[in-house]
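Colleague: The residues making up each chain are set out below.
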Amino acid sequence: GGIITQTPKFLIGQEGQKLTLKCQQNFNHDTMYWYRQDSGKGLRLIYYSITENDLQKGDLSEGYDASREKKSSFSLTVTSAQKNEMAVFLCATATGRDTLYFGAGTRLSVL
Amino acid sequence: GDSVIQMQGQVTLSENDFLFINCTYSTTGYPTLFWYVQYSGEGPQLLLQVTTANNKGSSRGFEATYDKGTTSFHLQKTSVQEIDSAVYYCAMSDGSGSWQLIFGSGTQLTVMP
Numbered sequence: 001g002g003i004i005t006q007t008p009k010f011l012i013g014q015e016g017q018k019l020t021l022k023c024q025q026n027f028n029h030d031t032m033y034w035y036r037q038d039s040g041k042g043l044r045l046i047y048y049s050i051t052e053n054d055l056q057k058g059d060l061s062e063g064y065d066a067s068r069e070k071k072s073s074f075s076l077t078v079t080s081a082q083k084n085e086m087a088v089f090l091c092a093t094a095t096g097r098d099t100l101y102f103g104a105g106t107r108l109s110v111l
Numbered sequence: 112g113d114s115v116i117q118m119q120g121q122v123t124l125s126e127n128d129f130l131f132i133n134c135t136y137s138t139t140g141y142p143t144l145f146w147y148v149q150y151s152g153e154g155p156q157l158l159l160q161v162t163t164a165n166n167k168g169s170s171r172g173f174e175a176t177y178d179k180g181t182t183s184f185h186l187q188k189t190s191v192q193e194i195d196s197a198v199y200y201c202a203m204s205d206g207s208g209s210w211q212l213i214f215g216s217g218t219q220l221t222v223m224p
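If you read the protein sequences in the order shown, they are chains P and W.
In this text, residue positions in the first sequence follow this note's numbering: the first is 1, and each later residue adds one.
In this text, residue positions in the second sequence follow this note's numbering: the first is 112, and each later residue adds one.
In short, the hints are calculated from the structure, not lab data.
Hints may be right or wrong, so weigh each one.
As the list claims (entries may be wrong) - Going by beta-carbon spacing under 10 Å, a handful of chain W positions derived as facing chain P:
no.	residue
1	115
2	117
3	120
4	122
5	141
6	152
7	154
8	155
9	160
10	164
11	168
12	196
13	202
14	211
15	214
Using N, Cα and C, we set each Cβ at its ideal position, and we do this for glycine too.
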């Protein structure tokens with residue numbers, strides 16, 4: 001087994017602010033993902049990384065940057081927070097293309 | 112493009128009721144199909160998956176059959192309990208070699224005691 005740790009659990013930002021979300025895993029999985037979860041819209045892929053230093057854009061990558069500094073960590077940056085934005089950002093890992101293991105999420109609110 | 116459709120946004124049942132959550136998919140590939148469950152305050156976790164058409168997956172009393180003919184993967188449980196209250200996501204990997212899982216919009220299940 002393993003653990004995925006997302007920090008912070010709650011993030012409150014100001015409009016236009018640059019915000020960084022972090023994800024750490026000890027599964028030793030190669031692939032890591034960032035999903036955005038909005039009520040009624042399911043999970044939408046922002047970025048994923050197949051291995052250290054690899055970055056691939058998902059369907060929702062505009063307005064975000066990502067960084068895979070090492071195998072165990074994957075960071076997501078909101079480049080300019082939008083006023084009244086509220087969402088949950090979920091980090092996930094996988095050994096291959098199929099089964100994902102998710103963290104508990106970071107809940108973002110923008111004032 | 113590829114998509115997964117869950118029409119039921121919310122389902123409310125009483126304990127011991129029969130559960131049916133609808134899921135249909137669209138792809139030109141040979142997908143693996145999944146159901147994920149998300150309990151309050153947690154991330155989604157895999158409930159079951161099926162790789163091969165016409166096969167059935169089952170876990171914790173939940174079942175889903177991969178029906179290639181109707182492109183469906185409905186989730187069923189004979190008798191739900193209050194602890195089953197959660198959000199259920201249907202998902203698909205399109206089998207083309209893509210690293211993306213495509214998720215449906217989710218169904219919030221509430222089971223009343």
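Colleague: Next, verify each hint and record whether it holds.
Modeller: A quick look at each hint next to the structure:
Contact between residue 115 (chain W) and chain P, as hinted, is supported at the beta carbon level, the nearest pair being about 8 Å apart and thus within 10 Å. The interface hint given for residue 117 (chain W) is met, as the beta carbon of that residue sits about 8 Å from the closest beta carbon of chain P, less than 10 Å. For residue 120 (chain W), the suggested interface contact is upheld, since its CB lies about 6 Å from the closest CB of chain P, less than 10 Å. Given hint, residue 122 (chain W) at the interface with chain P, is violated; its Cβ is 14 Å from that chain's nearest Cβ, farther than 10 Å.
The beta carbon of residue 141 (chain W) is not positioned within 10 Å of any beta carbon in chain P (closest approach about 13 Å), and the interface hint is therefore violated. A cut of 10 Å between beta carbons decides the hint on residue 152 (chain W): the least distance to chain P is about 7 Å, and the hint holds. The interface hint given for residue 154 (chain W) is met, as the beta carbon of that residue sits about 3 Å from the closest beta carbon of chain P, less than 10 Å. A cut of 10 Å between beta carbons decides the hint on residue 155 (chain W): the least distance to chain P is about 5 Å, and the hint holds.
For residue 160 (chain W), the suggested interface contact is upheld, since its CB lies about 7 Å from the closest CB of chain P, less than 10 Å. With a cut of 10 Å, the hint placing residue 164 (chain W) at the interface with chain P is violated, because the nearest CB-to-CB distance is about 16 Å. Using the Cβ-Cβ criterion of 10 Å, the hint placing residue 168 (chain W) at the interface with chain P is not satisfied: the shortest such distance is roughly 12 Å. Checking residue 196 (chain W) against chain P: minimum C-beta separation of about 16 Å lies over 10 Å; hint violated.
With its C-beta approaching chain P no nearer than about 8 Å, residue 202 (chain W) sits inside the 10 Å limit, and its interface hint holds. The restraint placing residue 211 (chain W) at the interface with chain P holds, with a minimum CB-CB distance near 5 Å, inside the 10 Å limit. With its C-beta approaching chain P no nearer than about 4 Å, residue 214 (chain W) sits inside the 10 Å limit, and its interface hint holds.
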